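From first to last, the protein sequence lines are chains A, B and C. Residue 1 is where the first sequence starts when you use the working numbering, and the numbers rise one by one after that. Residue 1 is where the second sequence starts when you use the working numbering, and the numbers rise one by one after that. Residue 1 is where the third sequence starts when you use the working numbering, and the numbers rise one by one after that.
Hint data in this document are derived by calculation from the structure and do not stem from the laboratory. Here the structure is a predicted model, which is why all the values come from computation and not from measurement. Incorrect hints may have been included.
Which copy is meant is left open, because identical chains are indistinguishable; a pair holds if it fits in one copy or across any two.
As the list claims (entries may be wrong) - With a cut-off of at most 20 Å between alpha-carbon atoms, the simulated SDA-like pairs for lysine to any residue come out as follows:
{"id": "1", "residue 1": "K468", "residue 2": "D188"}
{"id": "2", "residue 1": "K28", "residue 2": "G448"}
{"id": "3", "residue 1": "K83", "residue 2": "H352"}
{"id": "4", "residue 1": "K469", "residue 2": "G72"}
{"id": "5", "residue 1": "K46", "residue 2": "F161"}
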Amino acid sequence: MALLDDNRLLPHDVAGRSLARRLYDSVKEAPIISPHGHVDPAWFAKDEAFSNPTELFITPDHYVLRMLVSQGISLDQLGIKRKDVSARDTAVNPRAIWHIFAAHYHLFRATPSRMWLDHVFETLFELDGVLCAANADDYYDRISECLTQDAFRPRALFDRFNIEAIATTESALDPLASHRALALSDWDGRVITTYRPDAIINPNGADTGAFAMAIEALGEITGLPTTTWDGYLDAHRDRRAFFRSFGATATDHGHPTAFTAVLDQADAAALFDKALHGRIGLQEAEQFRGHMLVEMARMSCEDGMVMQLHAGSNRNHAAGIFENFGTDMGFDIPMRTDFVNGLKPLLTEMGHHPGLRLILFTLDETTLSRELAPLAGAYPSVLLGPAWWFFDSPDGMRRYRDLTTETAGFYNTTGFNDDTRAFCSIPARHDVSRRVDAAYLASLVLSGRLNEQDAAEVAQDLAYGLAKKAYKL
Amino acid sequence: MALLDDNRLLPHDVAGRSLARRLYDSVKEAPIISPHGHVDPAWFAKDEAFSNPTELFITPDHYVLRMLVSQGISLDQLGIKRKDVSARDTAVNPRAIWHIFAAHYHLFRATPSRMWLDHVFETLFELDGVLCAANADDYYDRISECLTQDAFRPRALFDRFNIEAIATTESALDPLASHRALALSDWDGRVITTYRPDAIINPNGADTGAFAMAIEALGEITGLPTTTWDGYLDAHRDRRAFFRSFGATATDHGHPTAFTAVLDQADAAALFDKALHGRIGLQEAEQFRGHMLVEMARMSCEDGMVMQLHAGSNRNHAAGIFENFGTDMGFDIPMRTDFVNGLKPLLTEMGHHPGLRLILFTLDETTLSRELAPLAGAYPSVLLGPAWWFFDSPDGMRRYRDLTTETAGFYNTTGFNDDTRAFCSIPARHDVSRRVDAAYLASLVLSGRLNEQDAAEVAQDLAYGLAKKAYKL
Amino acid sequence: MALLDDNRLLPHDVAGRSLARRLYDSVKEAPIISPHGHVDPAWFAKDEAFSNPTELFITPDHYVLRMLVSQGISLDQLGIKRKDVSARDTAVNPRAIWHIFAAHYHLFRATPSRMWLDHVFETLFELDGVLCAANADDYYDRISECLTQDAFRPRALFDRFNIEAIATTESALDPLASHRALALSDWDGRVITTYRPDAIINPNGADTGAFAMAIEALGEITGLPTTTWDGYLDAHRDRRAFFRSFGATATDHGHPTAFTAVLDQADAAALFDKALHGRIGLQEAEQFRGHMLVEMARMSCEDGMVMQLHAGSNRNHAAGIFENFGTDMGFDIPMRTDFVNGLKPLLTEMGHHPGLRLILFTLDETTLSRELAPLAGAYPSVLLGPAWWFFDSPDGMRRYRDLTTETAGFYNTTGFNDDTRAFCSIPARHDVSRRVDAAYLASLVLSGRLNEQDAAEVAQDLAYGLAKKAYKL
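Just chain A, same shape as in the assembly (with noise of 0.2 Å):
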């Protein structure tokens, strides 16, 4: 039984799916523009082969590991390494692993998660029924061999999935090593960073002294006097030239709340002594982290890069699994945002400077009509980023497309992108939504809210040119 319909995710009325099949088929093979990311940069710089089955598809996947976490299997059993070395259950392996999720595969039913890695089964290991327990070793052998093959190496891959640009996301403090030798290397796919200081931005009102730790890294390198307020600020702006030297266009900020605040410099250069030294409140913190946004759009109105911000993620849900396994377990819950109040400092600071270009993501979707859409449909500073996360998937961009379109129309928006670490996936994933919005813009067809012409170059835009066009690529 094939696992894919090739209609999928199109209407299955006649008039509907032949136009939707229309603009679909006018786009499903565009190139594939993925400006936000997290794919390892190491990849394509090493460009060796991937170990095996389990690691490729469950063990770096937090969308597969909390749904099967979420029915009693245990991180332990999947592999998962606890931070604590000792404690580390050495007998697992990567085929019985593979088993526990083959013999849970009915629990993503109906989920992104299933159509995405049946995807990849079909297209990209040519297998046919649907994984369960009686074909797991099936399955787990022919993706084995197949990743001996050369053509499954990772610049083979981006090549055959017809990547044109892809953004990593590296911390501000990292060294780029792998973009450096991608840049020295003769492979001509685009490969490039992003700028993400949230470590050196957010003091968390800790007083861990990791964030001390992370400006005297900075400092050390910067060789810039990062204890200091100017210091620190001149460090930034160094970092994220270097950044832009390995292609950087944007930075990417991720925060609890989309807090801003313009302080005096005198006050912003105190929280930043306090945090420093370990004696920042919490409230604090989120002043000095609602400023250090402000600055950092000050700074891309001076040097260009486009600001990304999500917010509304309440990280590490579960102590006990951040405590022994660390982040991206699957315990990151989406939490109620306000933008409306948030971001209004920043805007009225720099909403209508034309050097500004805010990026906006949100999980709290009751913010999409209330308060994104008219945000991005009055300010020229700031565009809606596409439905993100928990709504990568079918019914989120439907609802994404619904609640946006009437206020901040499509011109507003940036296209979509993957924020994967699920490599294989990224096709996948253009693909739902390239499928998704041909059904929408058939929709608005159908009842009389847009032509046809106008509909083909919408879809053309969506599926490529917004996200070029956003993201300066």
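Guided by the hints, dock chains B and C onto chain A, whose structure is given.
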């Protein structure tokens, strides 16, 4: 004119209908599992005839009352008895009330109440022609006549409705006389109780003495020293065991918020003492209640009772209605709810405990995709209850699936429950759920997101299997 | 190419379309009741020709302005006059602005503005071919030519639009000169006013003296001692009566929140005094405003004026735009709103008063199913206004029905209103509403939730009857 369309709530296009119809037909006769509801156990213990149409359909149904009141009909006119006996209008008679109801039946157009009522009118009482002023007496006479027959007594209807198990809900202080009578009877219907300790958990910041009186009553009924903290906790254990001896597999907790707190035992004991003496403030009362939810979760880990939490109702919003007529008059209004921060303390302690099963209900639909599906789709202890109360409706159920499936899948949800006092509406409510789910599953199949074989399996799980498993029935 | 699809917004399947078409056809010619809007009464009093296409379609329409601004066009370029006369760009001419608009018309794809504009272009000015840079002059010339004709003067259009009654909105301090002129004229069009006292109710925590000046003006216009609390309340009564003498049946209240408060008269008087002397804090100002909404409700119980409350707009979010250009420039951004707790004091006192009718509007769609439908579906005084402002759109209206009907039914809603300054768009807006409702009703019929006879009756009520009844017209 028939009241019911045989294909109601199924898609009307040919492909969608035939597929949804197959799915629906495969589950429409499945036994009813009703694991959370409010029917009176005395009905089954005594098995007496229901009195008249008005007391069967209008007086006990807050859905019906509120809609009539919203258009200016008073509760007095509807025969609702005032607390103050001297203020009661004794002139109203059931038939007159029925006439008011019939004359305003158009208010219920497109509401679930209308569909439930028509379902009962047609399938149980074999009525046709939409209820209106003209046929009000025909309806009244026909129903009255039926109610005198043995086939319309509670136990006969229980069998006719094909109920496999039904759970009622009783206060922790309830002597469970009806359940005891049922246990001693030779009737084999499975009617179990549920432990609802709100009154002995929530001091409500009131100095009315109600809390102290409840704790005193708890002491009397258990013979334990309930004015001490340890005695109070033991009394909970005692009552939980007592409820389990009458079949209870679950506890039920209805609170304005999902706030939880883990306090030191000494601090909790001190708050308990304050509450007993009417000296507890509103915020302290919330702390105490939040901590008691944690204690309830701890006891669930011990005794295996499934814990249900429904949050977000601003009870008795209309103070005058409450003062004159009491609770459940249609003036419980939903409000914004925060599960992510509220449940964090409880889940930090016990979210991964294999003994905990926590089922969550919401009246704030924004929490479905933002908070509840992510929580249920990650924590092994958390399951998501069905669309509830105002959302126990075709559109409410559809939105529920739309907002939860992609993140939580189907297997972190608990099937349907009717949550009703309106006994005769139970088959109608389950039928609506089965139809809406069949339509939803058909849409997934037709958009290539689920194959039909899996859809059939899921349909069975949603209609029967998940509820049975979730509630350990 | 025709701009409009004759079946726009109706379902495209055969059964759905033919049914929806029948329902729509039965109401499409119904007279327009426009009980809440912002057209200038001087247009009808003077009946002068509109000046040019730019001043008809662009300058006064904040929907159009914000979309153009969101893509980098400045308000100066669009000919919006700065408050500071010396800073005005006098070089812009209407035709040049029209060219900018035409060149950016693609921004409006799939927005309601596009549908309203195309509707007017085609039905009123008999234009075809989508507006673009190439035909900008043709459009401009054609519209300009029409505007010189008598048939395009305000009164002629009023008749042509089949408007039965239209309400404008005037400040409490407005002398209603145009309404007086209309009353004295022999024209029989029904143009009534609405009492909007925001400026004399909301001290806004400001010490700018604006509130004191407004209260002084209120004293002058009424001849009452408005600097005393009793005189101030009497002045409200006086103005309400004055507005009623020009046909007003309603009051309108636009505030950032739905907060209400019942204060002692002495406390309210003290706050009033503080406000008069610019010594009122922000929270005190909210208390005062909240109390004044209660006073307005009390007066409505006395004089029978329908009370409208719209909450949840963060007005003039872009401070710079407000400072330079004033209000209504597209930078009013919705925000989270709490009706349940906010209205509780007012509804506790008067929610069941037979003299109160309170119509609520929201920009926070999450309140529709959670708060507003439950409130309107319970309190006899509360009705729910239509999808409003950003949600006066096909998808917004569909979501509104989806989120409210099951709980509030149809008869606790108030039909459609256009709430617009853009006079020519009124028929287009009502037409969109009638089409969307027809499509919605058809979907209910086809899913067996409503019979066709009832649907036809409801369609008529939604298009005409409910608005007329709700506003006592």
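Evaluated hints:
Within a single copy, K468 and D188 get their C-alpha atoms as close as 18 Å, which meets the 20 Å cut-off; across copies the closest is 58 Å, which misses it. Taking the closest pair of Cα atoms, K28 and G448 come within 20 Å of each other only across two copies (17 Å); inside a single copy the shortest separation is 24 Å, beyond that limit. In the homo-oligomer, the alpha carbons of K83 and H352 lie at most 20 Å apart only across protomers (18 Å), although the nearest pairing inside one protomer, at 46 Å, exceeds that limit. Taking CA atoms no more than 20 Å apart as the test, K469 paired with G72 passes between copies only; the shortest distance there is 15 Å, against 44 Å inside one copy.
For the identical chains of this complex, K46 and F161 are intra-copy neighbours only, at 18 Å inside a copy versus 66 Å across copies, given an alpha-carbon limit of 20 Å.
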